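Read off the chains here:
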Amino acid sequence: MSGLLWYKRSLTLAVIVAAALVLQVLVSLQIVSPYVVASPSSALAAIVDLIRYEGLPVLFARTFAMTFVAALVAIVVGLPLGVIVARSELLRRSFEGWLGAAFSAPIILLYPLFLVVFGRGYVTLVVMGALVGVVPIALKTIEGYLAIPRVLENVAVSLNMTERQRLRHVTVPAVLPHIFAGIRISLIYILINIVAIDFLVSIGGLGYLVGAMYDRYDIPAMYGAILFVVLTSVIFFTILERCESWLSKR
Amino acid sequence: MSGLLWYKRSLTLAVIVAAALVLQVLVSLQIVSPYVVASPSSALAAIVDLIRYEGLPVLFARTFAMTFVAALVAIVVGLPLGVIVARSELLRRSFEGWLGAAFSAPIILLYPLFLVVFGRGYVTLVVMGALVGVVPIALKTIEGYLAIPRVLENVAVSLNMTERQRLRHVTVPAVLPHIFAGIRISLIYILINIVAIDFLVSIGGLGYLVGAMYDRYDIPAMYGAILFVVLTSVIFFTILERCESWLSKR
Amino acid sequence: MGVLNVSGVSKSFAVKGQVVKALDAVDLEVHEGEFVSVIGPSGCGKSTLFSIIGGLQPDYDGRIEVDGRPAVGSHHDIGMVFQEESTFPWRTALENVVLPLQVSGVSKKERDSRGRELIRMVGLEGFEGHYPSQLSGGMKQRISIARTFAFEPRIMLMDEPFGALDEQTRLLLCDKLLEICQSMRQTTLLITHNITEAVQMSDRVVIMSYRPGRIKRIIDIDLPRPRTSDALSSPEFGEYVGEIWRDLRTEASKGMAAEGGARAASGAA
Amino acid sequence: MGVLNVSGVSKSFAVKGQVVKALDAVDLEVHEGEFVSVIGPSGCGKSTLFSIIGGLQPDYDGRIEVDGRPAVGSHHDIGMVFQEESTFPWRTALENVVLPLQVSGVSKKERDSRGRELIRMVGLEGFEGHYPSQLSGGMKQRISIARTFAFEPRIMLMDEPFGALDEQTRLLLCDKLLEICQSMRQTTLLITHNITEAVQMSDRVVIMSYRPGRIKRIIDIDLPRPRTSDALSSPEFGEYVGEIWRDLRTEASKGMAAEGGARAASGAA
Amino acid sequence: QDMDTVKVASAQRGLWTTTLVYFGNEKGIFEKHGLNLEIHWADGGANTQQAVISGAADVAVATGTLGAITAWARGAPVQIIASDFTGGSDLFWYVRGDSEIEKVADLDGHSVSFSRPGSSSHLMAQGVVDNAGVDAEMVPTGGPSATLTAVMSGQVDVGWTAPPTVEEELANGKIRLLFTGNDAPGISDQSVRVDIANRAFLEEKEEVAKRFLAALKETIDWAYDTDEAVEMWAQMHDVSVEVAKAARDRGYPRSAMVLKPVSGVDLSIEQAVASRRLDAPLTDAQVTEMLKWVDMLNK
Ligand SMILES: Nc1ncnc2c1ncn2[C@@H]1O[C@H](COP(=O)(O)OP(=O)(O)OP(=O)(O)O)[C@@H](O)[C@H]1O
Ligand SMILES: Nc1ncnc2c1ncn2[C@@H]1O[C@H](COP(=O)(O)OP(=O)(O)OP(=O)(O)O)[C@@H](O)[C@H]1O
Ligand SMILES: [Mg+2]
Ligand SMILES: [Mg+2]
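Protein chains in written order, with my numbering: chain A, 1 to 250; chain B, 1 to 250; chain C, 1 to 269; chain D, 1 to 269; chain E, 1 to 299.
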């Protein structure tokens, strides 16, 4: 496994670096206007100032924390929801498909109202993040729950397992991978929503920073900030991977 | 098939109606503030005015058209991209996973720059929509392409099929379902992005309408407008379903 | 008076309105140390009978007795090997085999040593640490069998354990299983649709009719023990095979036609 | 001088660095109207040979000749039935069967009538409109076979067509196939790992060694024709089965051990 | 004595009127009145008012009159507590130096920007355009710097701004002045921006609100009697004090900075109805109700 994984990682890295280089050239040759796309080097350089003067670390920490909490909420709500729906034929039939589409519709447009209800603060971001995050987790949980091999459940019965043993030895390990897939998707949703709304109403996270830099028309700094948004998602994905392999090892 | 489908539809409908009723009650009992959530009835009522005074039909048509064009572009770009990547081991290894995550990162935040490049108009919306729409289509195409059963390709060879026959009888029918799944996802992305950006910079579609109603504190009208966003997605999904069953029938 | 007594067991399923009678008044008796096979065409109700005896299928007519005491629900004296591939993909071979011991709370140390022993018994030493995805179909089945032996059941209940394997692997595994069962005098009820397998292993072969699943005939196999697959070439062996096939052929033909129909019906849903 | 001549065919695969020799100098000759079976343990290279003869595997050593003319690439005179389930899920039974005709541009009207005829031939009348998902495994295989017959090949090349089916269904289908081939005097090369099947159908059985895949022995089956599965019970039949099994047993045992190892290796990747 | 905290929402950090409260706070004037301000910057229009409606802020300064009226009329829990700025002398509209637009009459078929719907810039631009009877497209472009980008990149033809953001570009001819807010009819004596407060806040802490407005008044006097505020302002935009001072006197005559009365309300209502923010004009009774706090709070 790990060998391949490592290979994959380094490949990805290579591609990213290559892309960066190309961009660098394009920009420095003015083929792409530096008022639209900052050269990677200048973006990286800008990060220094962002840290020194704009309190990047704090903002980064905030966005990270908000995403984390929102994800937790989404899991705490989405998981049971998924299980309930999966267990009920009727609910499932109706929830899947159309509602799925309707759900993923423009919740983000309602941000003003959430501002009204939850006030102009971190709570709003977390709530809206969690809201968009719940759906994929629930859906994937359903999927996983339905994918548990009947035969393994039969084995559990034939071995006279208790409910708890069965949960521990069959249900959880079987559903876990699906749940993690769900968490991955919802993490992206959550992060994008939190950052985007913060960008709009300047509540004080990476989104706000991106917005502020744009308002000053400091393009390199803006990209520097966006880099940190991407970094956030990468960090979360790494953590998730660890959790998963750790959990599935037991 | 159709019997079940019908059953599913009606179930969904039932759920929606039920939800609407509950909301209606909550709002009219002031349990939920009408400054936050409009009662479904008032939202529906507001639609009349939206049509009469705000040119809802035109705005709706615009958003619909923009989404449609963006989707077309996304398909035209994403499909070949997917095929190319699927065919190259190296590209695939690096594109999947991490880049997928990075991709789905906050493109929407770049809208100011797109305004600069493509001007403050429909083009920007279409371009940004297409941009976010490409990724899922490409990914699903890859998935589908890799899922073509080797044995069917062997059958094609053993029957001395020409490249065209092979494409028509094996590749296309095998990949089609995956592609459609991809189109569904990207349609949602596209619609949300187009509406959201339009909401921010009032270019003149449903997003602009939602924004305008919000600026006027006309909450029912705002929800009325949002309803039409959802309607748009529903229409697209219905069309897609038709296309798919029609295509797979031949 | 057998270890396992099945008397008058009937079972029907409601499939889209109409009722399918899967089992009809099945009587069956397995004695201590005996090896009995139930053979019948696909869809005749073998797995249904299997799950009823194993206690996975609570509602049925008739009675199941173990040592004369009525058996309800899953039973400590009955160990099951399933038709489908039933290893836990997230557990290594060893972890799969020791699962029953883990469930009944045996210490890690002890269960490991016993697990390794069982794995040796089914001839898989060296593969303790492999995951099912790294094993061939035949090896996975051997793991499932070892797992059930770890359960130390009085009665071993198997549903086409080798159904998914190619004939040669099957013949080899049958030899292996036969050897183990004979050495342990393991009471076994084997469900199969493979005639050679049934003849090769059994003291008695129970032939089932297609639908409703009834017991059509019981044949005593008196070939000398210990047996191996080499018996294949003996004329008596051929006799038995031929005799059983003559009985089954009609049933199987019925089955093949009907099955397609059934699938079509369900597929149309 | 046979219709199909395989001379000195060898093939190696590079699996993670080390080279696996799948086939080693295989010579084989199939005459007009003859039914030849190739039998060998799992992993001995049967499918490799199959795909080389069928022209799916262009790079190999040795020569394949049809009517004395070297055959390169997929060949109009060779029709293939695959080991894996190979019906097109998005086509009905009829549409599956007529695919070869459609490819070679036969008019809709004609190909339908011929398609129905073929479906009747394999005993599936009434299922023309069903999709594979609505058919049982046995029925799907019959569809694939009918599809290959629609191709009207001079040589029918089959890779374990019944490998996935239960023994009884297999016996019945073998009878069916046998009947068809005999009536059409269809030249056939059947690849199988089922001894009974080989003996029941063939004029000659080619036994392959495990690895590298070599031809270990060729046995002529002179049982009276027309044959059916009833021959099962005849002592000669048992003789042949026993004889072949004695040869195969050692190979199969080698296979079973090695295969697991191989899977482990590949699985570990 | 112990301090009362007032949460203040203000639009667009950097404009004279929106930032004055901040300067005053820095100077310590509010502290002197026993007030401890928490200022946060929204981006004008409905979002500033949302802060107050949601209770996230107690008061908002320098927010558009139209938006305030609409919010109040729709029953949102907000009250107008003072006039922030009267007349349109502080906002002006410009075109690129190379634009073919010479005068307002040339605006036909061109686009004119404003900050956000319902803001004072919206109302003035609309006024000028309507008055000239030209058919121009109205486009919300956000803050002055974003707007400058929009103009320079040709997204809009006419940009809006407020001193001293673009003094430099004006000087070196990159842009040309086209019209100011006062060119809109009736604007010169209309309260285009008001200060608003959350109703609950007013009812619970009327006396705090009084002190806030008193401090605000003192801040204004200080900002015109001394040059300290202007210096702060100049530093914020790093322009010379002279430039800043000129900008203040041209754009923000002291006469426009009276907290009371809120004038030109009828015109505002008229415009609100015209832009369909109100379904019907407010009755006199409603108007009195809407403005009652202005008199109660401003001594
Ligand atoms: N849960 C179920 N619901 C409805 N019908 C069922 C169910 N289980 C079995 N059946 C029906 O009962 C009959 C017997 O099924 P069963 O699986 O016992 O046959 P089988 O002999 O095990 O077949 P095979 O040899 O293919 O395993 C079949 O017709 C099947 O369709
Ligand atoms: N494409 C390939 N790449 C690498 N190794 C291969 C490939 N195809 C086959 N092999 C190896 O060649 C050997 C023969 O494979 P083949 O499939 O021909 O055996 P087989 O006799 O058909 O087995 P079975 O009876 O299970 O179908 C095996 O060891 C297999 O691992
Ligand atoms: Mg069964
Ligand atoms: Mg093979």
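To be clear, the hints were calculated from the coordinates, so they are not data collected in a lab. Do not rely on the hints blindly, as some may be mistaken.
Said to hold, decoys possible - DSS-like mimics (lysine-lysine), calculated; alpha carbons at most 25 Å apart, straight line:
id : chain 1 : residue 1 : chain 2 : residue 2
1  : E       : LYS260    : E       : LYS27
2  : D       : LYS108    : C       : LYS176
3  : E       : LYS245    : E       : LYS27
4  : E       : LYS103    : E       : LYS205
5  : D       : LYS176    : C       : LYS254
Stated by the list, open to error - Covered stretches of chain C (in silico footprint by chain D; criterion: 3 or more residues with CB under 8 Å from a CB of chain D, positions within the stretch not fixed):
id : stretch
6  : 63 to 69
7  : 107 to 117
8  : 166 to 174
Remember, predicted model here, so these are calculated numbers, not experimental data. Note that the Cβ used here is the ideal one computed from N, Cα and C, for glycine as well.
Item to check | Unmet hints by their number, sorted upward, for this structure | outcome: 2, 4, 6, 7
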